[in-house]
Amino acid sequence: MTVESATRSVSRPGKKPSDSKATKDAEATKRDNVHVVTMVEAVNLALRRALNDDPDVVVLGEDIGINGGVFRATLGLRETFGYKRVIDTPLAEALIAGISVGMASQGMRPVAEIQFMGFINSTVEQMLSHAGRLRNRTRGRLSCPMVLRAPFGGGIHAPEHHSESTEAMFAHMPGLRVVIPSSPTRAYGLLLSAIQDPDPVVFLEPKRIYRMVRQQITDDGQGLPLDTCFTLRQGKDLTLVSWGAMIHETLLAAKELEQQGVDAEVIDVATISPLDMDTIRRSVEKTGRCVVIQEAPRSFGVGSEISARIAEEALLYLRAPVQRVTGYDTPMPYPQNESLYMPSTRDIVEAARVTLDNA
Amino acid sequence: MTVESATRSVSRPGKKPSDSKATKDAEATKRDNVHVVTMVEAVNLALRRALNDDPDVVVLGEDIGINGGVFRATLGLRETFGYKRVIDTPLAEALIAGISVGMASQGMRPVAEIQFMGFINSTVEQMLSHAGRLRNRTRGRLSCPMVLRAPFGGGIHAPEHHSESTEAMFAHMPGLRVVIPSSPTRAYGLLLSAIQDPDPVVFLEPKRIYRMVRQQITDDGQGLPLDTCFTLRQGKDLTLVSWGAMIHETLLAAKELEQQGVDAEVIDVATISPLDMDTIRRSVEKTGRCVVIQEAPRSFGVGSEISARIAEEALLYLRAPVQRVTGYDTPMPYPQNESLYMPSTRDIVEAARVTLDNA
Amino acid sequence: MFDDLDQAPGKLGFIDARGKSVRTLPDDIDVAWLQKSYQHMVRIRQLDKKAVALQRTGQMHTYPSCLGQEAIGTGIGMAMQNEDVLVPYYRDQATQAIRGVRLEQILQVWGGDERGNLFEGVAARDFPNSVPIGTQMSHAAGIAAAMKSRGIRQAVVANCGDGATSRGDVYEALNLVGVWQLPMVAVVNNNQWAISVPRSLQTATRTLAEKALAVGIEGVQVDGNDVVAVYQAVRSALARARCGKGGTLIEAVSYRLSDHTTADDATRYREASEVNKAWDFDPVKRLQTYMHDLGQWTPAQEQALLVAVKQEVDAAVTAYLKTPPQAADDFMAYVFANMTPPLLAQREHLLARLERDNAAQGGKHHDS
Amino acid sequence: MFDDLDQAPGKLGFIDARGKSVRTLPDDIDVAWLQKSYQHMVRIRQLDKKAVALQRTGQMHTYPSCLGQEAIGTGIGMAMQNEDVLVPYYRDQATQAIRGVRLEQILQVWGGDERGNLFEGVAARDFPNSVPIGTQMSHAAGIAAAMKSRGIRQAVVANCGDGATSRGDVYEALNLVGVWQLPMVAVVNNNQWAISVPRSLQTATRTLAEKALAVGIEGVQVDGNDVVAVYQAVRSALARARCGKGGTLIEAVSYRLSDHTTADDATRYREASEVNKAWDFDPVKRLQTYMHDLGQWTPAQEQALLVAVKQEVDAAVTAYLKTPPQAADDFMAYVFANMTPPLLAQREHLLARLERDNAAQGGKHHDS
Ligand SMILES: Cc1ncc(C[n+]2csc(CCOP(=O)(O)OP(=O)(O)O)c2C)c(N)n1
Ligand SMILES: Cc1ncc(C[n+]2csc(CCOP(=O)(O)OP(=O)(O)O)c2C)c(N)n1
Ligand SMILES: [Mg+2]
Ligand SMILES: [Mg+2]
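Heads up: the protein sequence lines correspond to chains A, B, C and D, in order.
The numbering of the first sequence is the numbering used here, which starts it at 1 and goes up by one.
The numbering of the second sequence is the numbering used here, which starts it at 1 and goes up by one.
The numbering of the third sequence is the numbering used here, which starts it at 1 and goes up by one.
The numbering of the fourth sequence is the numbering used here, which starts it at 1 and goes up by one.
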């Protein structure tokens, strides 16, 4: 996908329409199934749509029922679909993943929520050893159409373990898709596709931007394609590649660069694995310069794969070394020093300048 | 470390000395604490040395007591050091990691064995959320000098889950060291250093080469440096970078290349994280060409980080794109088709040729 | 030997080690049932024997025999209905065979061929056996939850070993069975060893059945060498489960008469005398004695069975050894429903490599 | 309300909800002990109140109050010896404070400053509170194993919530305590809710204490709103543990009177009436009544205590608010004992960035 399908977007990142306008929009368009929503509301809309359209879909996790999830992603679903399809589980993440594998093996479509990505670690055994392998192990006899959702990333001043970005861990696991939306539109469309997908998907939601912008979405059950990058902005001088919440800073950086006369292309990877290198490579072949931006610790991250692939596959086009703007190889600091860890818009602009200054 | 310390090596990879000679050597030299050992015996020797020299060291895991471990890495330790220091645990890997964190926090030095790396997944939560963070979280008040050992990698025709190479998962975790020996000498020296290290170390033992070669080792309690690559072979035309069992094929490839008149440098990364890029970069600056060889699935692996760093830091020296020779993005096949997955010597030679043919 | 193999109060048993009936057999058990169960047990023992022999001669990879525990697998298999789902572990060959998994498929799995997991018919929705200890129990709970949510009045049987009871995920799954009243029967094959670790080093409880108390489900200990006891316990637990009365944890006390697997050497860690003693409790022999004493099993019948079983197993071995190789790219073709672009590219790479190696070596695909 | 807060047979209690003694107090409990416990409880309640207020005014991040559960933390703290080790979870402020963790350190942790975990003195080997639910229990088992292996006759107290009992790692740790006879006392703060999930959705067992049966250790249920009951249960469990008699699981039944944390809104999922009813069982009030009825607590004493506590907490708040910022590179400096070369390079990067941002913004380090 080379241009964002979401031409229906009504607001730009960083500009939040006034609440009253949003409410009016939402009401005016409800009849046509058009909603003006934040990303977390878009997740909710997609879950609602999936529950409505497919009786095999169930939603499960901790505090997702009456509480609507700690981020309210499942708000109201229990009321509409009942406790048998919107299921509060005991406090056991390995179990949540494991029963999802079991349910999915029998043709159900469990959509499990892990409350924060910091608590996803005990699902690794099930995801790596089973979810990603059931189809292959049985040569297609059984399969595992499950989704494991988790809010991820830092910047909300949460306690320890509430700000992790460990997407690289899942990206390296064969048989899994790892999908990360970065706008309401993409949250809606990608989550629907993830649920409809016949294979397991780890769906990571950048919680820092859960409520940052609103977009107008037609709740038509249309998914957006997985396994493809979204080019959010066309440009000829430089390629900026990112995913998740850092797309926000990346777009801001593109704007700042524009003011400096630099025309940056911005690619949202969206599906981290399998990686759509075609889009990225074609862009870099055009621009010759690339900055990859990731929030996760620097080493052995998703950005490393992208940087390596660019250099391996487009070396002759590269007019400067790929720059990576990343977190540090440290745990996320407790909130007081969290911002020291986080990559900033300025870091991206600076890295872009380094690639540009490189003759 | 630019040259292998192990000049004391008495046998070359691929050439196994006759058993009778080995036995004779071993007996002749026992008085001087010199042993001619395989890698798994070297691990045993290091564990024995550590248990002997430091009363705080304990060894724990499944079947490591009277059975001596399923690969016999802990053979005889129970008899010498008793069941209180060589401890069979219940069958629970998360527990093994968790109690190791607890023990280490009080100044003990637990060396835990996970029977196969395929069963390490339930330790991820403890390793990521606690082992790698205890020091940082307490600003140095508590620390976690533990070692988590696991045999890893394929090629021994074992059942499913017995052939995994998930080192990248741990390499991405802040606060952990990930160390991989590829010879008896390095197994002995690196394991001792890992045990003595004040921080947690994931120590992965390439089981395919556990018994491939013997080397003469002086059991003097001397560790080898962590955080450094070992240059196993100097060369000027091309750099081959690998770790673990693939070092075997990498050295064979270097020989084959030599016959073709190509002088390859071979670097054993050894400590995967933190990564000693200096050694690798200097080598590539010299040779201008590089092949990175890893057994793990191709995408988002340790090789991606190395390839990315080379291109980012030595772009102007690169005379051809870095080549990666890797496993595929699939689960390890069941034994019958395992060899289809495994990178081969020929693959390395071919990749080398590609970099060389690139003017 | 740590857990008593004798029948005792609190441990369900019908036919004791000497082949004597100590309790009236359940109504639905007749001679035909006993003979059928016996046949299954003899058959699977023969399969095990062959599999080990194949391994010793380099025609099989690591194999986990269920020697001495045939009554567990058989009792379960006899108790399950077709629409129930089995989530086995690697010593459930007997149950799998009863559910129609072909003997050669069992050999294929351990011979290193994923196609052995292509179960058909009754077993089409069963899980393949689980290698990572304990992890299968939450799959089973998920399947049970799916049944419950779909209003299907069937149940799941999920099995694991004594060592597995130390795993937290087994507890998590059983706890869910309790709190969600799931139609699931968990059978612990307590063969007293987890490789070299005796049952007594796994837990301080007197029985494993009493672990049910921590999760609010029924717990039953049975003589795992008495196929009738296993059958009866599983059958009534399944009946309860199917009608919404919740799950059961069944501890079947038995003994691992073989090495852990062909890769193991049990003489390193246990006494021959212990193993010899355990042979006195052989589940196969006792059933034979019992039927014989009933006048329902003659040497001629035994002879005929041995011949038939040998033929069947030999045929399976032949079929196993004759299995045509998989397509080289099979290990890529099933990772996802449709091969992703990266995998398609990697398949190109694989095929090119094989062609190269074939060209170089005339057939042998590639060495390392 | 799912688990009864009333005292009942099988649930240890000394002072009931009305402040009446229903059982002779243990010998070692005198008026001074009661007054001290009372002071601790009042102090921690005041701290909680201030912390929540700080959060509401933007001077504190997410904070988990222990309102209503002060008797648990206090009873544990009173029962522990200095050389015992505490492995707390995030509602153990009272125990931590008794062990000498400074009140401002508690605030620092939730204010987002790792230095709050720099405990000294008695608490120097204690763990910081654990955020990932349940994971701390195996740390505690490991510490207990270290004590046992070193022949130290002390014990570990490890705490978790009712929701945590669903986690497999909690079971694994307790099972180890059983089989290794470890000197560990596990206290479950059963405050009846895990965020919005009631206790009844976690497990089917009638009590949480009976989970001890599955791991072969002692299980005790106590009135968690009765500081004497908590103290007595922990004290005797510790005594048993220290002399090698193994571990205990103590379920302290209480109620979470506050929101889960300041980020939670409990009115979304539970009735005000339930919370109001639970206030009748307030652990602080009942002890006050009891002492008052004994003639050992006057309004003047209460007044003086409130003043003292307010002063102490205000001082802690002041100290907390005045904490000088950490060095910018502190979050890199303690990842390893010595900064690795990559981290040293990353520190360079960090410092350069800060300099750049300072230059650009005149002080403010950097926005995102
Ligand atoms: C999670 C995990 N850890 C370790 C292993 C290695 N392993 C294979 S079988 C086994 C012992 C299992 O014992 P038990 O549960 O009693 O079953 P049994 O083999 O005796 O039938 C171990 C430790 C594994 N397969 N999975
Ligand atoms: C492993 C893990 N999963 C989820 C969470 C998110 N979470 C924080 S507290 C909590 C509920 C804990 O309930 P309980 O154990 O009863 O303790 P309480 O907070 O009631 O004292 C949850 C789900 C977490 N911190 N850790
Ligand atoms: Mg066993
Ligand atoms: Mg609670």
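A couple of the hints might just be wrong.
[What the hints assert, rightly or not] Below, in silico cross-link-like pairs of lysine-lysine (PhoX-like), each with a Cα-Cα straight-line distance of 25 Å or less: (1) Lys148(D) / Lys50(D); (2) Lys310(C) / Lys84(A); (3) Lys84(B) / Lys285(D); (4) Lys236(B) / Lys255(B); (5) Lys36(C) / Lys245(C); (6) Lys245(C) / Lys84(A).
[Claimed, not checked] Distance windows between CB atoms, simulated: (7) Glu274(C) / Asp30(D): 53 to 63 Å; (8) Pro324(D) / Thr218(A): 51 to 61 Å; (9) Arg206(D) / Asp6(C): 30 to 40 Å; (10) Tyr83(B) / Arg23(C): 40 to 50 Å; (11) Trp33(D) / Pro198(B): 35 to 45 Å; (12) Tyr83(B) / Asn358(D): 58 to 68 Å; (13) Pro324(D) / Pro198(B): 24 to 34 Å; (14) Asn358(A) / Pro324(C): 48 to 58 Å; (15) Thr80(A) / Asp265(D): 13 to 23 Å.
[As the list claims (entries may be wrong)] Listing some non-contacts, in silico: residues in chain A with all C-beta distances to chain D over 10 Å: (16) Asn121; (17) Arg211; (18) Glu313.
What the hints contain is simulated information worked out from the structure, not anything from laboratory work.
Glycine included, C-beta positions come from ideal geometry on N, C-alpha and C.
Okay, the hints, checked on the actual structure:
A distance of roughly 40 Å separates the Cα atoms of Lys148(D) and Lys50(D); the hinted pair therefore is violated under the 25 Å criterion. Proposed proximity of Lys310(C) and Lys84(A) is contradicted: the alpha carbons are some 50 Å apart, above 25 Å. Note on Lys84(B) and Lys285(D): the hinted pairing is violated, with a Cα-Cα distance of about 48 Å set against a maximum of 25 Å. Our distance criterion of 25 Å between C-alpha atoms is met by Lys236(B) and Lys255(B), whose separation comes to about 14 Å.
Only pairs whose Cα atoms come within 25 Å are accepted, and Lys36(C) paired with Lys245(C) is rejected, the gap being roughly 30 Å. Between the alpha carbons of Lys245(C) and Lys84(A) the distance comes to roughly 18 Å, so the proposed pair stays at or under 25 Å and holds. At about 57 Å, the beta-carbon gap between Glu274(C) and Asp30(D) stays in the expected band of 53 to 63 Å. For Pro324(D) and Thr218(A), the hinted distance range of 51 to 61 Å is satisfied, since their beta carbons lie about 53 Å from each other.
Distance hint check for Arg206(D) and Asp6(C): the Cβ-Cβ separation is about 33 Å, which falls inside the suggested range of 30 to 40 Å. For Tyr83(B) and Arg23(C), the hinted distance range of 40 to 50 Å is satisfied, since their beta carbons lie about 41 Å from each other. Between Trp33(D) and Pro198(B), the C-beta spacing of about 42 Å keeps the proposed range 35 to 45 Å intact. Taking 58 to 68 Å as the suggested C-beta distance range, the pair Tyr83(B) and Asn358(D) conforms, at roughly 59 Å.
At roughly 28 Å, the beta-carbon separation of Pro324(D) and Pro198(B) lies within the given 24 to 34 Å, and the hint holds. The hint said 48 to 58 Å for the Cβ distance between Asn358(A) and Pro324(C), and at roughly 56 Å that hint holds. Look at Thr80(A) against Asp265(D): about 21 Å separates their beta carbons, and that is inside 13 to 23 Å. Not every C-beta of chain D lies more than 10 Å from that of Asn121(A), the closest at about 8 Å, which undercuts listing it as non-interface.
Here Arg211(A) stays apart from chain D, with its beta-carbon at least about 14 Å from theirs, past the 10 Å limit. The beta carbon of Glu313(A) sits about 26 Å from the closest Cβ of chain D, which is more than 10 Å, so the claim that it is off the interface holds.
In the structure shown, a violation is registered for the earlier hints numbered 1, 2, 3, 5 and 16, in ascending order.
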